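Q: Next come the chains, spelled out residue by residue.
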Amino acid sequence: MADAGFIGLSILTIGSAIFALESREIIYGAIALAISMLGIAGFFILLDSPFVAMFQIAVYVGAVAVLVIFIVMLVRTEALFSAEEDKGRRIAGLIFSLLMMVGVGVLLFSSLFSSAEFSPVMDKIVNKIGNEMLTYYSPVFILLALTLAGAIIGALSLARREDSDQRPETSTTSPQYEKLYLDTKNEEQEQV
Amino acid sequence: MTELINLVTVSLILVGIGVYGLIVKRNAIRMIFAIEIIANAANLNLIAFSRYLGDIQGQVFALFAIAIAAAEVAVGLAIIIIAYRLYKDIDVTQYKFLRG
Numbered sequence: 001m002a003d004a005g006f007i008g009l010s011i012l013t014i015g016s017a018i019f020a021l022e023s024r025e026i027i028y029g030a031i032a033l034a035i036s037m038l039g040i041a042g043f044f045i046l047l048d049s050p051f052v053a054m055f056q057i058a059v060y061v062g063a064v065a066v067l068v069i070f071i072v073m074l075v076r077t078e079a080l081f082s083a084e085e086d087k088g089r090r091i092a093g094l095i096f097s098l099l100m101m102v103g104v105g106v107l108l109f110s111s112l113f114s115s116a117e118f119s120p121v122m123d124k125i126v127n128k129i130g131n132e133m134l135t136y137y138s139p140v141f142i143l144l145a146l147t148l149a150g151a152i153i154g155a156l157s158l159a160r161r162e163d164s165d166q167r168p169e170t171s172t173t174s175p176q177y178e179k180l181y182l183d184t185k186n187e188e189q190e191q192v
Numbered sequence: 001m002t003e004l005i006n007l008v009t010v011s012l013i014l015v016g017i018g019v020y021g022l023i024v025k026r027n028a029i030r031m032i033f034a035i036e037i038i039a040n041a042a043n044l045n046l047i048a049f050s051r052y053l054g055d056i057q058g059q060v061f062a063l064f065a066i067a068i069a070a071a072e073v074a075v076g077l078a079i080i081i082i083a084y085r086l087y088k089d090i091d092v093t094q095y096k097f098l099r100g
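So the sequences go chain by chain: P and Z. Just so we're aligned, residue 1 is where the first sequence starts under our numbering, counting upward by one. Just so we're aligned, residue 1 is where the second sequence starts under our numbering, counting upward by one.
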């Protein structure tokens, strides 16, 4: 039988996952997504794997959520609210995902996993993870580092502005911003 | 004591929510949210089965999966930024050049 902590974590995780997709303001959705990730980290702690839980918090809540919130602030215009989904599509998506959940759920509950018991708790988990990562999985580890570096460099070079080294007089910004820019530039010159 | 089937059920519900979001939403950032929810459900499954089998390899796989998901989010958000600069919109039905 499930205990109270598990039920609370489930409600937190699933509720904030739904809110992340259905909230009116997308920035609240980003924060709800971070809370959902925290709930998943709580599940990891419940499952006696604290190292993965810390990694999850550091990567998802620390890095991904902040990245998403920054992107939402960068794109924050009316464009965020204009994307209105039609009713038929919403009903179709609801029916499809419910069918999928019921189908896989029936399979799961009729399988042997419905009465599966956990094995006893492992000790020295971090030692074992470090051993595995640096011996058997060491090629994967190196490839992962290269992949991460490639992804970060790729993302940086993709998102870089093409006209960032042009002169501000020829930039395509609106007149008021240009005036503001020139004002601040004049002030800087006066200070010098 | 929490059992395996409860955790797999939570994971299944999260995958259902993510699939619903991928089908219904047209906002590109929300689609990234849905992908993230599905990736997290997969990680939860990995850890639950690692605990069930008493094997450490599930946790190692989950660590790799978390790192790859972070890289995927970085590239996906960069693509959204470029598409927003081109179209002034984040509605994926407006991205005509990206159509297959």
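Keep in mind that the hints were calculated from the coordinates and are not lab data. What you are looking at is a predicted structure, and each value in this text was computed from that prediction instead of being measured. Hints are not guaranteed to be accurate.
Footprint (simulated), chain P over chain Z, 3 or more residues, beta carbon under 8 Å [claimed, not checked]: (1) 19-30; (2) 36-49; (3) 53-67.
Interface residues of chain Z toward chain P, partial, derived using beta-carbon atoms under 8 Å [as the list claims (entries may be wrong)]: (4) Leu7; (5) Gly16; (6) Phe33; (7) Ala70; (8) Ala71; (9) Val75; (10) Leu77; (11) Leu86; (12) Tyr95.
All C-beta atoms in this analysis are idealised placements derived from N, C-alpha and C, irrespective of residue type, glycine included.
Q: So, for every hint listed, does it hold in this structure?
A: Going down the list of hints, with the structure as the test:
1. Against chain P, the region 19-30 of chain Z contributes 10 residues with a C-beta closer than 8 Å to a partner C-beta. That satisfies the three-residue criterion, and the hint holds.
2. Only when three residues or more bring their CB closer than 8 Å to a CB of chain P does the claim for the region 36-49 of chain Z stand; here the count is 7, and the claim holds.
3. Counting residues of the region 53-67 of chain Z whose C-beta sits closer than 8 Å to any C-beta of chain P gives 11, which meets the bar of three, so the coverage hint holds.
4. The beta carbon of Leu7 (chain Z) is positioned within 8 Å of a beta carbon in chain P (closest approach about 7 Å), and the interface hint is therefore held.
5. Using the Cβ-Cβ criterion of 8 Å, the hint placing Gly16 (chain Z) at the interface with chain P is satisfied: the shortest such distance is roughly 4 Å.
6. Here the hint on Phe33 (chain Z) is kept, as its CB sits about 5 Å from the closest CB of chain P, short of 8 Å.
7. Because the closest C-beta pair between Ala70 (chain Z) and chain P is about 5 Å apart, less than 8 Å, the hint holds.
8. Against a cut-off of 8 Å between C-beta atoms, the interface hint on Ala71 (chain Z) holds, since the closest Cβ of chain P lies about 4 Å away.
9. Evaluation of the Val75 (chain Z) hint against chain P yields a held restraint, the C-beta minimum of about 5 Å falling below 8 Å.
10. The interface hint given for Leu77 (chain Z) is met, as the beta carbon of that residue sits about 5 Å from the closest beta carbon of chain P, less than 8 Å.
11. A hinted interface residue such as Leu86 (chain Z) counts as satisfied when its beta carbon comes closer than 8 Å to some beta carbon of chain P; here the least separation is about 11 Å, so the hint is violated.
12. Given the 8 Å rule on beta carbons, the hint for Tyr95 (chain Z) is violated: about 12 Å separates it from the nearest Cβ of chain P.
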